[in-house]
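Colleague: Line order of the protein sequences matches chains A and B. Note that full-length UniProt numbering numbers the first sequence so that position 133 is 133, with each residue one more than the last. Note that full-length UniProt numbering numbers the second sequence so that position 39 is 39, with each residue one more than the last.
Check before you lean on any hint, since a few could be wrong.
For chains that are exact copies, the list does not tell them apart, and a pair is met inside one copy or across any two.
Calculated lysine-lysine pairs in the DSSO-like style (CA-CA distance at most 30 Å, straight line) [what the hints assert, rightly or not]: (1) LYS68 <-> LYS324; (2) LYS34 <-> LYS409; (3) LYS398 <-> LYS146; (4) LYS409 <-> LYS146.
Just so you know, the hints here were simulated from the structure itself, not pulled from any lab data.
Spelled out, the chains give:
Protein chains: 2
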Amino acid sequence: MLIVVKTERCWNLEHTCISQDDVQKIVIACNKYKVPIVPYGGATSLEGQTLAPHGGVCIDMSLMKKIKSLNVDDLDIVVEPGIGWIELNEYLKPYGLFFPLDPGPGATIGGMCATRCSGSLAVRYGTMRENVINLQAVLANGEVVKTGSRARKSAAGYDLARLLIGSEGTLGIITEVTLRLQRLPQHSVVAMCNFQTIKEAADVAIATMHSGIQVSRVELLDEVQVKAINIANVKNLPEVPTLMFEFIGTEAYAQEQMLIVQKIVSEHNGSDFVYVEDAEAKEELWKIRKGALWACYAMAPNNYEAITTDVCVPLSRLAECISKSKQELDASPLLCMVIAHAGDGNFHTVIIFDPDQEEHCQEAERLNHFMIHTALSMEGTCTGEHGVGTGKMKYLEKELGTGALRTMKRIKSVLDPNDIMNPGKLIPPHICI
Amino acid sequence: MLIVVKTERCWNLEHTCISQDDVQKIVIACNKYKVPIVPYGGATSLEGQTLAPHGGVCIDMSLMKKIKSLNVDDLDIVVEPGIGWIELNEYLKPYGLFFPLDPGPGATIGGMCATRCSGSLAVRYGTMRENVINLQAVLANGEVVKTGSRARKSAAGYDLARLLIGSEGTLGIITEVTLRLQRLPQHSVVAMCNFQTIKEAADVAIATMHSGIQVSRVELLDEVQVKAINIANVKNLPEVPTLMFEFIGTEAYAQEQMLIVQKIVSEHNGSDFVYVEDAEAKEELWKIRKGALWACYAMAPNNYEAITTDVCVPLSRLAECISKSKQELDASPLLCMVIAHAGDGNFHTVIIFDPDQEEHCQEAERLNHFMIHTALSMEGTCTGEHGVGTGKMKYLEKELGTGALRTMKRIKSVLDPNDIMNPGKLIPPHICI
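Only chain A is shown next, with the shape it has when bound in the complex:
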């Protein structure tokens, strides 16, 4: 049975929101009766993090979304976990600030911490790991833990914030987050260019990372993805491997970066290098990239679904990993599109399939499995930014070895002895202490 703590009637009659005290009371009660708890944010996670395989109480953390304090001079903000990153950025815009992580549009800050998410700007600003100053969380025994101060750096004790970031609700429920903020860039330039092969495009991404400039986005789209974008947006882009860049900084520096990369592109047989500086034109270009997943659906019947894979390899292996994957994808009867955060070595494949056809489901699963094993054979990871949930559990042992998983299980067991915190996720069930 799954109980959703979502409305005023379920909890706290006088308010439409929940507080840390409320969360603490729920946790203490659940721990007493050994009832599983599933924290639920924007539910945009892709690996089953918000499923409830053992039933239990689901806490809708989007009811806890206050901004507690904005500290403009300190370039930080203290928020409750349920606020979405888009809402947060709307709030911050008048102050000339923003929070630089951009996963799926509905994602909440708490969920983004829980899954250690990143996005297209991670190449410049890092992941949630690098952008959280402090956390508060309620642990399984009901204890409220504060992981640090509001100082931008600290060497005071075990890094409990980083332990919670990426723990997917299995160690505690995040109730407060202090985030590092960034100044909105003075200027930006967005550029786009085409290649005959994925390898050339990936090589340019690597060369850009080596050039010493600090590019803020390097996104790679394969020819199928561009085709999907053309169909969905009635565009006429060349249907070849494509790179999109964003350069930020002062006007002069953004332009200088663009010229450096334009030179790199021309040295690697790139073509059709275009760039835009006008605000509307830039938004139009990024809208294309941001709508890539939805564009994929435009190529398939209405009832089809998509799974999005998520591997990450050392930079130098990206071209090889994508090329090897593409051979398999192109030979598959399923429609598959590749999109990569190429500066990080992270790429996704959107696989479109009919969920009612068993062979489609099996083929999608096979392709995902193939790509993960290819990435692991190249010293990569089974998940660059989507997390483990239930979907990636079976790959962790190959990636990390039994020692690491036993260590995780030991930590889990001592902090949550009754296994009430999002059970059945992240640590493979067969791992023994």
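Let chain A serve as the given structure and place chain B on it in line with the hints.
Modeller: Below, chain B alone, put in the same frame as chain A:
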């Protein structure tokens, strides 16, 4: 009794170095007989991290310093923990690469991980937390744990690397480190300027952080520190609060950043803004900063010693925190100099004292205590980069609360039930599970 495993005669007759297998054997034996282990790197830590209050076996990790693989295209390197950051950078220089953390000259990579260190470049590149891709460690039960892959980002399970970084050898012994590397900057400009008050200097540091440029160093020196530098180096610098900057990037961008900061300085009553671009002149300027601690000794009799404090506060509180501390320092009979990584809100006071005079020792301790409590009252931390060791244990509860410390103790107890890993450090002894 303290046994130092340091020479060939103690361990491994055939080699002058030790291996992960050797470390594992030592740990298994020590765990069996419940003998404490103290890992020992460059021993440049400042809070007693390498003391052996309970005796035991001290493993000299500087015997384990191989470079295992340099991956130029991936901008990473796999090393053993005993290599020093200066040796590492000498090795990397011909490849146009460097590792951007610069603590005390003798520090080793393993020790830098263990204490979660940073340095003057953290404002641009982050701390050890942000610059380690993967670790291997031997845990108390002898198990070898690999924390991740070689991908630049990953969301695969609990962040065991970050848990070990800053754990000061209390959870395991780090035996391999994969580090992110950076391209040596094409160009750099070093600048220096003077202020009438510490507040004006700190305000310029904050304004620089808000300007949107990515300064690579912002160091603040108080007038006493400058005086010490003058004496030690036979210089004639104005003995007033001073800021030193480093700007990196392309030549044009480094110069543009310098001009932006020059304007900020003039708006905040700064004076004598000078900048240098010539390699020798830059080295000369940074040598002054890097030799600051040694310069302090030049102002005191030979037998005097120095303690270096290390607090960090939110950026906006830096001026207030330093000013409040300075009142106390200036009124003290001891000689005290302030030096700050101002872009991070982190500052050190070098307190010179006669270790043979009890009242000197007490006064040094009193000043340290005063500064820590001042920082904690401003949402800061008792240690920005030096770590906890034995010296800062007593402040952790005030900073983090009992819940966080109990959580740390639980993790320690499950990973090291016999408390053999660097016991008596980091977690205050009175904390119960």
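Colleague: Tell me, in ascending order, the numbers of any earlier hints that this structure violates.
Modeller: Hint check: nothing fails, all pass.
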